[in-house]
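**Student:** Remember, this note's numbering sits 1 above the position in the sequence shown when you count from 1.
Everything labelled a hint here was simulated from the structure, so no lab data went into it.
Glycine included, each C-beta is placed from N, C-alpha and C at the ideal position.
Wrong hints could be hidden among the right ones.
To be verified - Listed next, with one range per pair, are the computed distances between beta-carbon atoms:
(1) Arg132 x Gly234: 32 to 40 Å
(2) Asp237 x Phe198: 20 to 28 Å
(3) Ser66 x Gln109: 35 to 43 Å
(4) Asp80 x Ala155: 17 to 25 Å
(5) Asp200 x Asp237: 19 to 27 Å
(6) Ala175 x Thr245: 32 to 40 Å
(7) Pro174 x Gly254: 31 to 39 Å
(8) Arg68 x Pro111: 33 to 41 Å
(9) Pro226 x Gly138: 31 to 39 Å
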Amino acid sequence: MDRGDGLGTSRRAVLRAAMVLPLAAACAAPQSGVRPSAPAAPTTTAAPATSAARPPTGEVDRATSGRPEVALTFHGAGDPDLARRVLGTLHDRGAAVTVLAVGTWLQQYPDAAGMVTDLGHELGNHTWSHRDIDAMGERDARVEIERCRDRIAASTGGPGAFFRPSQAQHATPAVRALAAAAGYPTVLSYDVDSRDFTDPGSAAIRRNVAAATAGSVVSLHLGHPGTLAALPGLLDDLAGRGLTPVTATRLFG
Numbered sequence: 002m003d004r005g006d007g008l009g010t011s012r013r014a015v016l017r018a019a020m021v022l023p024l025a026a027a028c029a030a031p032q033s034g035v036r037p038s039a040p041a042a043p044t045t046t047a048a049p050a051t052s053a054a055r056p057p058t059g060e061v062d063r064a065t066s067g068r069p070e071v072a073l074t075f076h077g078a079g080d081p082d083l084a085r086r087v088l089g090t091l092h093d094r095g096a097a098v099t100v101l102a103v104g105t106w107l108q109q110y111p112d113a114a115g116m117v118t119d120l121g122h123e124l125g126n127h128t129w130s131h132r133d134i135d136a137m138g139e140r141d142a143r144v145e146i147e148r149c150r151d152r153i154a155a156s157t158g159g160p161g162a163f164f165r166p167s168q169a170q171h172a173t174p175a176v177r178a179l180a181a182a183a184g185y186p187t188v189l190s191y192d193v194d195s196r197d198f199t200d201p202g203s204a205a206i207r208r209n210v211a212a213a214t215a216g217s218v219v220s221l222h223l224g225h226p227g228t229l230a231a232l233p234g235l236l237d238d239l240a241g242r243g244l245t246p247v248t249a250t251r252l253f254g
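Please build the complete structure, drawing on both the sequences and the hints.
**Tutor:** Structure representation (structure tokens):
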């Protein structure tokens, strides 16, 4: 009904279209595979710059784009020479991966962050000391997230792409809220566990990763010789099934 506001018909139509377009875009955002994040407490922490292909908020463990891609994600800790060999093998095979680094590892080995990014891989936050963050009180959990974030920022100029909880596949709503407040709107979980940290041998690691399908996020570790031994065959297995390893940002972008 005309309210007699003095606006012409064409001008009102333009204004209505301007209001509808953002709502339509929001409704079109992907929702599958995301666990809603609990509201974050007010914070003065600056979030990272917005990307044109920003991952969804909350917690993600696999993508639903349908692209024939998987994200190989690595716990970042352990012997740096072994880590360099793992990351170098991936680089030489054209595979880009995401390393969720433990803050104390980055502090102990100041070149570790650069080693990851210089080889074309992506760096993220896996807490400061890899304690059971889901069992911590709010203050201690916040310190675990923010201290690792600050270590990454000191090395790379940014907070890293994702946060992953330590000693847990999934983050509690409280931890997701703390991560969001620290600048990580997306918590990165996984749907395929290689179990390489149990040192089961390269054949077993390959069998476990064979469960990955298009959109999967695979959990692996830098600090285990069996992982390095499994990589050539593991990458061959993925290629044979038409799956390309990409960073988590690419997978969810």
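**Student:** Using the Cβ atoms, figure out if arginine 132 sits within 32 to 40 Å of glycine 234.
**Tutor:** Holds - the Cβ-Cβ distance for arginine 132 and glycine 234, about 34 Å, lies within 32 to 40 Å.
**Student:** Please test the hint of 33 to 41 Å on the beta carbon pair from arginine 68 and proline 111.
**Tutor:** The hinted range 33 to 41 Å holds for arginine 68 and proline 111, with Cβ atoms some 36 Å apart.
**Student:** Just tell me: holds or violated, for the beta carbon distance of aspartate 237 and phenylalanine 198 against 20 to 28 Å?
**Tutor:** Once the Cβ atoms are compared, 22 Å apart, the range 20 to 28 Å for phenylalanine 198 and aspartate 237 holds.
**Student:** So does proline 226 sit 31 to 39 Å from glycine 138, Cβ to Cβ?
**Tutor:** 37 Å, holds
**Student:** Does the Cβ distance between alanine 175 and threonine 245 fall inside 32 to 40 Å?
**Tutor:** Taking Cβ atoms as reference, alanine 175 and threonine 245 lie about 35 Å apart, which means the hint holds.
**Student:** Holds or violated: 31 to 39 Å for the Cβ distance of proline 174 and glycine 254?
**Tutor:** 25 Å, violated
**Student:** Is it true that the C-beta distance of serine 66 to glutamine 109 lies inside 35 to 43 Å, as the hint says?
**Tutor:** 37 Å, holds
**Student:** Given a hint of 17 to 25 Å, does the C-beta separation of aspartate 80 and alanine 155 actually sit inside it?
**Tutor:** 22 Å, holds
**Student:** Does the Cβ-Cβ separation between aspartate 200 and aspartate 237 fall within 19 to 27 Å?
**Tutor:** 21 Å, holds
Violated hints amount to a single one, hint 7; each of the other numbered hints is respected by the structure.
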